[in-house]
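Following the hints, complete the assembly by docking chain B onto the known chain A.
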Amino acid sequence: MKSGSKTESLILKLVEKQAPVIWLDFSADGILEKANHYAREKLVLTVGQSSFDEVFALFDDQKSMKELTDSQDPQLISVNIKNDLPRSFTFHFEATENGVLAFGWPIVEELEILRKKLLRLSNEVGDLNRALQKKIAELERSNRLKNQFLGMAAHDLRNPIWAINNYSDFLLDVCSDLADDLTKKNIQSIHSLSNGALKLIDGFLDIAMIESGAIELEVKPTDLNETIESVLSVFTSNSDLDPDRINIVIGKDFPKLQLDGPKFEQALINLIDNGFEHGQKDTVISIRAFIEKPFVKIAISDNGPGIPKQKLANLFSPGAHRKEKKVSGKRSTGLGLVIVKKIIEAHNGTVQVDSTTGKGTTFTLELKLTPMEKGR
Amino acid sequence: MTDISDEIYRAFLSGLIKGRQKQCAETVKGLLDYGISIRDLYINLFQRSLYEVGAMWEANRISVAEEHMATAIVENLFSLVYPVLFSTERIGKSAIISCVANEYHQVGGKIIADILELNGWDSVFLGANTPINDLMQMIDKTGPKFIGLSLAVYFNLPNLFNVVKRIRTRFGPVPILVGGQAFRWGGGKAFEAYMDIRLIENIHEFETALGEID
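Residue numbers (our numbering), protein chains in the order written: chain A, 1 to 376; chain B, 377 to 590.
Bound conformation, chain A alone:
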């Protein structure tokens, strides 16, 4: 190529005006005298003002302008970019008549490697996400099948056990004068066991229906005082329970809550029953409802023996207390609290438990107030 040729002029013009390279001319005392278009657009510099050290992000132990100029090797140097992170270029420094020329070009190969790696990572993340979503869908399918099977099995078992329960009840009536004590005792056992089995099956059916979404809540404005009265009547009418064993603290002007009344009653019955059946013979239950905006809280407390800390974590798992015997001597189904949790969660609420051994347990139901309820 001839010196001063048209080609050379064109190349110079392209480098000056367009090419993504850095061309900087410094004076002998390190002040920037000239910069090409790309450098002026991208770098943090002012022609006629910025110094060599200001343009290049040199750290203390890096070379000076003279040392860089004396070195013939290209240097990897970072430069400050306007409104962005520093960028690395390969620079060549050359002494000129008036000072120093700094010529820098981007590290293309490194950028290409980085781009390919990022692309590969992006693909891998996408593939993993796909596999994960597929697995989630498979698990949901399995869960639905499990619930269907559970429901079917429980339903099919219910009829024969109900028949056993009915027949044993009938026999107890008929045999009260006719049979000997041992026979009556055996029939009573059959009746009690079949009662327990029916409760267990009903619990499984409830869980299967709730989990499968077959139960739809019929939510409407519900008076909490009336709901609790209805719950209490279950305990006071069917047994000789002393009414003083249940204390209620709910304000008279307590707002109506958006609830499925019957389902909510079932949850309360399970909790109160839990308190009595796992407590002592003189256990007292307190029910307190209060508002802590934006929530309404209903606390069901007992002064029973409390729940050991190590059992709290699995309290709402099916079968968690199947091995425990109640005050009545009957074995727990292990499903009562599971059903409570599912009913309250279906209301978009939560159940918390707080318990101290020897002092008692409090279950707190927390429901979000609707805008109408909040306004009161």
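In short, the hints are calculated from the structure, not lab data.
Careful: at least some of the hints might be erroneous.
What the hints assert, rightly or not - Derived CB-CB ranges, DEER-like:
id : chain 1 : residue 1 : chain 2 : residue 2 : range
1  : B       : Glu577    : A       : Leu10     : 44 to 50 Å
2  : A       : Glu110    : B       : Lys541    : 21 to 27 Å
3  : A       : Asn129    : B       : Gln513    : 18 to 24 Å
Claimed, not checked - Computed far set for chain B versus chain A, every beta-carbon distance over 10 Å:
id : residue
4  : Ile380
5  : Glu428
6  : Ala441
7  : Glu451
8  : Tyr458
9  : Gly468
10 : Glu493
11 : Leu494
12 : Asn495
13 : Ala504
14 : Met512
15 : Val540
16 : Thr545
17 : Thr584
Don't be surprised by glycine CBs; every beta carbon is placed ideally from N, CA and C.
Just chain B now, kept in the frame of chain A:
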């Protein structure tokens, strides 16, 4: 027929080229909320825009980086469809969809794997640059009804020959379906008899082929 208007499509394509992932995601979410069919979304938004992005790159209207960015955005957008896609009723058939070795363009294969799921099949998707031994192991493990191989770049044809030969040697007459942009200029049909494969030219043909596999 498509429920995707030209206006929506153009805005989506523009967003892809400019790397506006959020804008593109909003478009897809809007279409899903509207109730668009998954098939329509895949064919007339995802596939159509990817073909156009590829053509723009070939015409040097966009850079390689822009093309890869657009492809990556579309792949990410598939995840918006997955909750619906993977919940379709299963028909008890499975297939493997894979890219051959050195084939780094996996989005076409992924679209096919997703169409499989839409048809109730269980797809095993092996992504870009699948080593041949990994593919053979997966075939052995899952016993698929067919194997789908994606080829985007014509120069990878020798790798395709190699894979098909290995599969035939070990697994006999298991159906092999092949497709991808490598064959879009034609000539692919000649390979069918030679390699004992079936060449698939579009999604419609693919779904028809599915119905013919026991």
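Here is how each hint holds up against the structure:
1. B:Glu577 - A:Leu10: 44 to 50 Å: 48 Å, holds
2. A:Glu110 - B:Lys541: 21 to 27 Å: 39 Å, violated
3. A:Asn129 - B:Gln513: 18 to 24 Å: 23 Å, holds
4. Ile380: Per Cβ check, B:Ile380 is outside 10 Å of chain A; nearest 23 Å; holds.
5. Glu428: Holds, because the least Cβ-Cβ distance between B:Glu428 and chain A comes to about 20 Å, which exceeds 10 Å.
6. Ala441: Violated: least Cβ distance 6 Å, not greater than 10 Å.
7. Glu451: Its Cβ does come within 10 Å of chain A, the nearest being 5 Å, so this is violated.
8. Tyr458: 4 Å, violated
9. Gly468: The claim holds: B:Gly468 sits with its nearest Cβ about 13 Å from chain A, beyond 10 Å.
10. Glu493: At roughly 8 Å from the nearest Cβ of chain A, B:Glu493 sits no farther out than 10 Å, so the non-interface label is violated.
11. Leu494: 13 Å, holds
12. Asn495: Since the minimum Cβ distance to chain A is about 15 Å, B:Asn495 lies beyond 10 Å and the statement holds.
13. Ala504: Given a closest Cβ separation of 6 Å, the condition is violated.
14. Met512: Given that every Cβ of chain A is farther than 10 Å from that of B:Met512, nearest at about 19 Å, it holds.
15. Val540: 23 Å, holds
16. Thr545: 28 Å, holds
17. Thr584: 25 Å, holds
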